[in-house]
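Q: Based on the sequences and whatever the hints tell you, model everything.
From first to last, the protein sequence lines stand for chains L, R and U. According to this note's numbering, the stretch in the first sequence is residues 1 to 341, in order. According to this note's numbering, the stretch in the second sequence is residues 1 to 341, in order. According to this note's numbering, the stretch in the third sequence is residues 1 to 341, in order.
Check each hint, because a few of them may be wrong.
In silico BS3-like links for lysine-lysine, alpha-carbon gap of 30 Å or less [claimed, not checked]:
(1) K52/R with K321/L
(2) K310/L with K278/L
(3) K52/R with K242/U
(4) K310/L with K321/R
(5) K242/U with K189/L
(6) K242/L with K189/L
Since the hints were made in silico from the structure, they are not lab data.
In case you want the letters, here they are:
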Amino acid sequence: MQSWKLSEIAKLLGGQFVGSDDPVITGAAGLDEAVAGDLTFVTTVQLLAQLKNSGASAVLIGPDMETQVPAVRLGNPYDGFADFLALFQTPLDRVFPAGVHTTAVIDPTADVSAAACIGPHCVVGPGCVVGAGSRLESHVTLGPDVCLGEDCLIYAQVAIREGCQLGNRVILHSGTCVGSDGFGFLPSKQGLKKIPQVGIVVLEDDVEIGSNSCIDRATTGRTVIGQGSKIDNLVQVGHNVKIGCHTVLCGQSGVAGSTTIGNGVAVGGCASVGDHIKVGDGAQIAGKAGIISDVGPGETLFGTPAIDIKESFRLFASLRKLPELLRRVRKLEEIQNKPVD
Amino acid sequence: MQSWKLSEIAKLLGGQFVGSDDPVITGAAGLDEAVAGDLTFVTTVQLLAQLKNSGASAVLIGPDMETQVPAVRLGNPYDGFADFLALFQTPLDRVFPAGVHTTAVIDPTADVSAAACIGPHCVVGPGCVVGAGSRLESHVTLGPDVCLGEDCLIYAQVAIREGCQLGNRVILHSGTCVGSDGFGFLPSKQGLKKIPQVGIVVLEDDVEIGSNSCIDRATTGRTVIGQGSKIDNLVQVGHNVKIGCHTVLCGQSGVAGSTTIGNGVAVGGCASVGDHIKVGDGAQIAGKAGIISDVGPGETLFGTPAIDIKESFRLFASLRKLPELLRRVRKLEEIQNKPVD
Amino acid sequence: MQSWKLSEIAKLLGGQFVGSDDPVITGAAGLDEAVAGDLTFVTTVQLLAQLKNSGASAVLIGPDMETQVPAVRLGNPYDGFADFLALFQTPLDRVFPAGVHTTAVIDPTADVSAAACIGPHCVVGPGCVVGAGSRLESHVTLGPDVCLGEDCLIYAQVAIREGCQLGNRVILHSGTCVGSDGFGFLPSKQGLKKIPQVGIVVLEDDVEIGSNSCIDRATTGRTVIGQGSKIDNLVQVGHNVKIGCHTVLCGQSGVAGSTTIGNGVAVGGCASVGDHIKVGDGAQIAGKAGIISDVGPGETLFGTPAIDIKESFRLFASLRKLPELLRRVRKLEEIQNKPVD
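A: Below, the structure is given as structure tokens:
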């Protein structure tokens with residue numbers, strides 16, 4: 001078990017060691033879950049009060065905070081906590097051993113950096129490029145002509161289809177498929193005729209995609225996930241979708257074909273965006289929403305069909321009064337219809 | 001084709017052979033689908049009437065039932081039917097051949113029981129433990145330090161990330177990912193900064209998880225699926241979620257980060273539970289519901305935002321009267337505004 | 001880069017070359033995305049006007065259309081465009097190299113056609129049959145006694161469980177699971193008892209299934225996807241479901257156990273159909289709908305619970321007037337209650 005004196009952690013994080021005690025820290029956890037030996041963090045003065053119910057031995061606090069608990073004061077305590085957590089990560093070399101595993105199948109025409117790691121049973125197709133520092137865990141398939149930049153992490157059982165292009169520092173979690181055929185068929189007398197999907201997928205620098213998600217290749221041209229965007233598990237991104245930079249798609253959300261999503265957008269869990277729609281920069285789409293028309297920049301939507309979240313909650317509150325309203329109107333009608341004596 | 005006389009089946013299931021005919025049984029099916037040679041079952045006296053439309057040659061009935069069809073009487077006919085079905089299962093040895101396949105890659109520091117089966121192209125990482133009777137089908141990846149108990153069944157292309165712990169008799173179907181990174185990022189000037197996810201996933205005894213589901217590792221500490229809980233296909237369980245015992249999550253449902261779900265809860269297909277929510281024991285969440293606040297024990301909810309299912313259906317019935325109500329109120333207003341002669 | 005004169009393309013597609021220019025075509029794209037060198041297409045006279053804003057060098061047009069842009073006139077321009085796209089596909093041999101890869105593990109009792117391709121690290125179990133022209137990419141697992149017809153394409157990391165049967169020309173995209181256990185449990189004193197799932201899955205000719213979808217095996221008998229039906233990514237099809245022919249299930253939709261869906265049905269993205277439901281031929285289920293009762297042939301439904309789509313939108317429009325209606329009724333009541341002077 002690793003351990004650090006709190007004063008050492010202060011130095012590591014570039015913060016100010018506060019208090020007289022200098023406890024030994026062996027772990028990290030949020031306020032509710034922390035036990036003795038853990039470092040925790042608080043982001044607001046309000047949360048400071050909850051420290052006395054926490055088992056934490058020390059805390060990262062912000063510039064204006066005071067506490068009796070041994071502390072490190074930092075510009076951004078949550079950010080410092082993230083840096084501290086990194087110390088507990090399993091070393092990359094243990095998950096992705098160095099070199100090319102003997103069971104990997106690498107096409108002789110592939111250009112794999114000597115500084116890349118290719119794990120057991122991986123398959124790297126003809127014409128692929130794998131940049132320095134990029135690592136494939138196991139059972140990864142790179143189809144023909146796939147291009148990976150530097151320092152990508154590709155976890156087990158990821159499939160990347162022919163011609164797709166990844167930037168640098170892209171992370172793909174287990175089971176995700178990049179570049180499967182878009183879903184396009186033409187009705188014909190013989191049934192549904194497949195429209196060939198001959199485009200590709202481009203994942204720009206610093207994109208991260210969770211497990212078992214699907215990013216479909218374009219019919220023609222490119223499906224694009226912009227720089228720094230993050231996609232959770234079980235997310236569907238249809239063909240020819242363009243997603244901007246620093247946008248977040250939460251678990252089980254979906255974006256249908258040819259839709260364009262701006263920068264800094266947040267799509268909540270299980271939300272769905274229909275096809276051929278434009279979502280403006282900074283829009284917030286609440287969990288489970290169903291978007292069937294364009295969304296302006298900065299709008300916050302909820303419901304299906306999705307509308308402004310405040311109106312949506314107002315409508316819901318009104319709806320709960322509707323059974324009573326029906327009774328009230330009936331009463332008004334009875335009075336109306338009562339014969340005047 | 002296997003076959004049994006009905007009287008033999010009565011003995012196998014510990015039931016009472018009823019009737020004079022003793023037909024040869026070669027299959028099993030529900031009432032609607034059964035054909036000659038099939039054994040079926042009925043669970044209520046009401047269903048007995050449907051037997052005459054069924055092609056079944058024999059039936060499992062409950063203690064108080066009578067029928068002209070050759071039958072076996074049992075305390076619980078459905079339970080007996082399940083036991084009978086087990087006779088038709090492909091033998092485990094045919095799906096998971098004994099021993100360690102020559103193409104499996106097993107780290108020398110892994111502790112794999114001599115009574116475990118490791119199928120073709122599996123990868124067992126450093127420090128792993130695989131208990132007696134546990135079986136890995138093919139293309140399974142166990143990351144570093146994964147610990148499996150006894151008699152687990154891990155189907156093809158399952159990925160279990162570093163440090164995760166499985167109890168005994170855990171079943172994971174193809175393509176499921178256990179222990180991928182939780183979805184946690186911090187906004188920063190340089191974009192979204194990854195919060196390291198250094199916790200693990202614990203799957204307790206008798207947990208079963210369907211295909212292509214995702215159970216994310218905790219940020220710190222543990223994501224837990226409690227003893228005997230069953231999770232269907234394409235289900236998302238976020239980081240730091242705690243699910244109790246004997247709870248059921250149906251297909252395409254999702255539970256967001258840090259939510260706690262009690263024991264004996266049923267979450268319907270495609271239902272979603274938001275983050276940091278508590279769901280009490282025995283709650284029933286209907287299919288497609290969206291839970292955005294705490295749920296008390298035993299509550300039954302529907303809709304988005306989810307409310308008591310009876311109120312939800314009442315509101316929906318009222319809503320269908322709303323267009324007519326708008327007309328009725330307009331009429332009242334017109335009368336109101338009519339000048340008194 | 002491939003290139004064709006437009007007049008050559010006219011011959012290839014069996015269309016009529018129109019105009020005096022005969023540009024060199026090197027690509028293909030929709031109206032909005034096309035650039036110089038691209039061939040595009042228009043399907044309606046209305047869209048012809050947009051041609052002047054398109055960068056396309058040439059266009060496929062319908063029988064009654066005229067344009068100044070170099071064109072090829074065809075009975076069905078979209079159909080012709082699909083045929084033209086096929087020229088840009090990566091050759092199958094590059095994705096699925098011929099023959100059986102040395103790392104594939106094929107049971108000696110399997111019957112693999114000499115004209116089949118089995119890619120690296122595939123596993124073909126005992127008793128399997130793989131027909132001529134069928135191709136497995138990599139990391140595919142065929143469990144015992146799986147039967148594939150001719151000319152199937154099975155992409156990386158597909159798992160097909162024991163006994164399942166595929167027709168001819170079936171396409172399965174990466175990560176899809178066919179034949180995992182249906183989700184069936186019986187409550188008992190010891191917890192949830194597993195009901196053995198001893199049926200199979202049948203995928204008829206020309207079925208295509210996207211990435212990371214799940215088609216569960218039947219409890220007894222067969223789960224069936226009918227001829228020519230197309231299923232998108234992340235779709236769940238429960239045990240004992242029967243889906244007709246030429247039916248389309250869009251991304252993230254789901255069909256619960258024992259439901260029957262007719263021919264030519266369209267199920268929108270993220271729509272859910274409950275268990276034991278019948279959906280008639282030609283029904284249209286809009287995206288995100290939740291079906292909880294039978295659907296007649298040709299019906300078009302939306303919402304949860306789903307109702308006729310026109311009524312659904314009418315109700316939604318009425319709902320947006322509800323807060324105002326509440327005020328109006330209050331006013332009527334005030335007038336009613338005002339003491340008559």
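Q: If a hint holds in the structure, say so; if it doesn't, say that too.
A: Each hint, compared with the structure:
no. : hint               : result
1   : K52/R with K321/L  : violated (49 Å)
2   : K310/L with K278/L : holds (21 Å)
3   : K52/R with K242/U  : holds (24 Å)
4   : K310/L with K321/R : holds (24 Å)
5   : K242/U with K189/L : holds (23 Å)
6   : K242/L with K189/L : violated (33 Å)
Of the numbered hints listed earlier, those contradicted by the structure are 1 and 6.
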